[in-house]
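Novice: Order-wise, the sequence lines are chains A and B. Take 1 as the starting number for the first sequence in my numbering and just add one per residue. Take 189 as the starting number for the second sequence in my numbering and just add one per residue.
Hints may be right or wrong, so weigh each one.
Just some of the chain A residues that point at chain B, by a computed CB distance under 10 Å [unchecked claim]: (1) T32; (2) Y41; (3) F59; (4) L151; (5) V154.
Pulled from the structure, derived: some chain A residues nowhere near chain B, Cβ distances all over 12 Å [stated by the list, open to error]: (6) E58; (7) K67; (8) T78; (9) K88; (10) P125.
Hints are computed from structural coordinates only; laboratory data are not their basis. Computed from a predicted model, the values in this text were never measured in an experiment. The beta carbon of each residue, even a glycine, is placed where N, CA and C say it ideally should be.
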Amino acid sequence: MGPRFFLFSLLIILLFLPAGALGRDLSYRFPTDQVTAAYLYNFALFSHWPKSALDQREFFVIATLDKDFADIAAATLTGRYVGDRPVKVQLIHNLDEGDAAPHIVFFGEDEHPSSPLLKRISRLPILTVGRAPGFTATGGMIRLVTVERRLHFVINLAATKKAGITISSEVLRLADEVEGNVPVRGIE
Amino acid sequence: MIVSFSKLPIKTKLIIMMMTISCTAILLVTLINDLVNVHQDRRDTVAVLSAIGAIVAFNSRAAVAFNDADAANQMLSAFQFEPEIVQAVLLVDNARPFAEFLRKGQLQDTAWQSFDWTGGEVFATHEYFTGDFLYFYQPVVIEGELIGKLFIKAELSSLRERYLLTGLISLGALLVAGVVAYFLTLRLQRLISEPLQQLVGEMGEVFGDKRDEEARQVGRGADEIGVLLDGFKRMLARINQHKRQLTTVNAKLEERVKQRTAELVLANDRLTSEVNRRVRIEKKKDALLAEKELLLREIHHRVKNNLQVISSLISLQLRKNGVAEGHSELLSVRERIRSMVLIHEQLYRGEDLNEVAFDQFIRVFIDQLAVVYGATDRSIAVREELHAVNLSVDQAVPCGIILSELLGNAFKHAFLGRKSGHVVVTLRQVRGFVMLSVEDNGWGGIDKATRSLGLTLVHSLAEQLNGEMTFIDANGSRAILKFPFHVTRATAILNQANSHKDTEKDLI
């Protein structure tokens with residue numbers, strides 16, 4: 001058993017490891033989550049919250065139920081500001097009544113669109129962004145869709161209006177579809 | 189060139205100068221106006237591009253942020269409505285083209301590649317002109333972060349065409365203004381050139397056409413001003429020459445004046461002494477005259493006193509004789525003497541010793557005789573119609589005796605047996621004759637007494653006066669003495685004075 005035998009054995013082990021776990025994470029979660037985090041930040045820049053919602057927090061808080069995404073987003077958005085507030089990414093499991101409301105809550109692809117959390121916060125001034133199909137139909141505000149390795153989005157304008165959040169026309173113009181209103185891109 | 193210009197006539201010079209000045213002024217104004225317009229147009233173009241670029245850059249922020257090149261291209265396609273903009277590129281990540289607009293028929297310009305992204309103010313706009321193109325850079329900023337730059341290329345050939353048109357219009361205006369200025373100059377230059385030419389003409393008449401040799405040699409002004417300068421110089425020389433001559437003449441004149449003044453002073457002194465001598469003689473003469481007058485008065489006084497003595501002696505004799513024979517004759521003699529006394533008294537009391545105011549004498553004498561003959565007691569009224577007549581002593585004495593005889597006759601004989609009567613005594617001067625008449629309304633018959641002594645005396649004295657006596661006997665008696673008037677010295681002076689007064693009145 002010399003060093004050559006050890007190196008050969010290691011190579012064999014690596015070759016037979018389940019290819020999915022590490023390989024899928026690297027190809028799928030990166031860079032999509034980074035782009036998603038950037039999109040969330042851009043949504044924050046081109047949206048306007050009621051003054052009362054902004055006054056409550058020292059930070060601009062982006063909350064998520066996905067720990068992996070939270071880590072990537074935190075790494076991506078560190079040092080960024082929305083207005084004069086630094087961006088903070090917060091991992092949540094459930095949003096209790098007493099907790100300070102975040103500004104954006106991101107629901108991952110695994111989250112069910114009819115999540116009780118979404119229902120509960122739909123009337124609060126919180127921008128909800130999700131990936132799950134039917135997200136906007138169940139009260140979500142922006143749904144992200146990956147088409148040909150590019151991230152698109154659909155906006156539920158009625159939900160944002162109900163929450164008192166205004167999304168800039170520049171963003172509305174970029175949306176694939178604006179529900180609850182005439183499609184902006186269609187007009188152009 | 190300046191020498192050639194100086195040889196031109198003043199009229200041409202004025203036209204050239206005024207045209208040059210006016211054309212230069214118009215050209216400068218036009219140039220300044222055009223430059224200001226160009227500058228303003230560039231500023232306006234930059235301002236418009238800035239506004240459009242700022243709007244497009246602002247609206248492209250989301251497209252850049254969400255990496256949506258289609259949306260960005262769509263945004264840039266709005267530039268197709270701005271004909272000047274031929275190319276627009278939205279650059280990200282240090283000059284990587286993200287979206288682009290390129291007008292049809294235009295070549296792609298990569299000038300943005302040479303743009304310095306690191307230098308200068310990051311968030312500021314930048315623009316520069318190259319040829320007919322304007323290059324403009326507009327930063328795309330979101331939340332204080334530069335996320336891209338908008339590069340715009342605008343073609344300004346339309347501006348150039350407009351400048352060309354403006355230039356042509358300005359050139360046309362310049363030509364029109366030049367023509368107008370030329371005609372105005374033609375008229376205006378006359379204001380200066382014509383009087384100058386007139387002056388030159390008059391100077392030519394004075395000095396002839398010869399010009400100053402010195403002026404010719406130095407090439408000084410061949411125009412009218414040069415001629416005037418020459419003329420002025422020569423005039424100055426002549427004036428100086430005349431001045432020198434005048435100074436000489438003045439000196440001579442002053443010498444002569446001094447000489448004449450000395451002569452005049454001498455003559456004046458002589459005249460003064462002569463006048464003084466004559467004044468002294470005049471004074472002496474006056475003194476002598478005064479003395480003579482005094483003596484004459486004294487003589488008249490003494491004659492009067494002597495006659496008065498005679499009269500008094502006759503009065504004594506009359507008183508001694510009483511009413512005896514010859515009383516009447518003596519009385520007549522006495523009255524004749526008293527008439528002479530009265531005349532001499534008037535002479536030495538009057539201002540002039542040569543003549544007697546005979547009218548005044550008559551008045552006094554009538555009163556005297558009326559008393560002597562008791563005319564008042566007998567209600568005989570005497571009326572006097574007397575003009576002012578001055579008689580010499582030679583005429584006054586016989587005339588006075590005649591009056592004494594005539595009045596004495598009237599008082600004594602005319603009213604015998606009557607309770608009243610009147611006598612009229614008239615004295616007049618008519619055409620060189622003196623008329624003295626005594627008229628009464630008594631018994632008349634005076635002409636019958638011509639052989640009496642008194643009337644004989646009257647006729648004798650009338651002849652002495654070269655006059656004549658006339659007696660008229662009708663409703664009383666009337667005796668008229670007419671004799672030629674001898675003008676005395678005082679009467680002559682009086683007449684002369686009256687003549688002067690009449691002349692002055694006529695003149696006034």
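Novice: Decide, hint by hint, whether the structure agrees.
Specialist: The hints, checked one at a time:
1. For T32/A, the interface hint is violated, the least distance from its beta-carbon to any beta-carbon of chain B being 13 Å, above 10 Å.
2. Hint on Y41/A holds. Least Cβ distance to chain B is approximately 9 Å, under the 10 Å limit.
3. At about 15 Å, the closest approach between the beta carbon of F59/A and any beta carbon in chain B exceeds 10 Å, and the interface hint on this residue is violated.
4. Against a cut-off of 10 Å between C-beta atoms, the interface hint on L151/A holds, since the closest Cβ of chain B lies about 8 Å away.
5. The beta carbon of V154/A is not positioned within 10 Å of any beta carbon in chain B (closest approach about 13 Å), and the interface hint is therefore violated.
6. Annotated as non-interface, E58/A keeps its C-beta farther than 12 Å from every C-beta of chain B; the closest such distance is 18 Å.
7. Look at K67/A: its CB is around 26 Å from the nearest CB on chain B, clear of 12 Å, so calling it non-interface holds up.
8. Here T78/A stays apart from chain B, with its beta-carbon at least about 15 Å from theirs, past the 12 Å limit.
9. Distance check for K88/A against chain B: the nearest CB is about 16 Å away, which clears 12 Å, and the non-interface claim stands.
10. Against chain B, the non-interface label of P125/A holds: every CB pair exceeds 12 Å, the least being about 20 Å.
Of the numbered hints given earlier, the model fails hints 1, 3, 5; all others are met.
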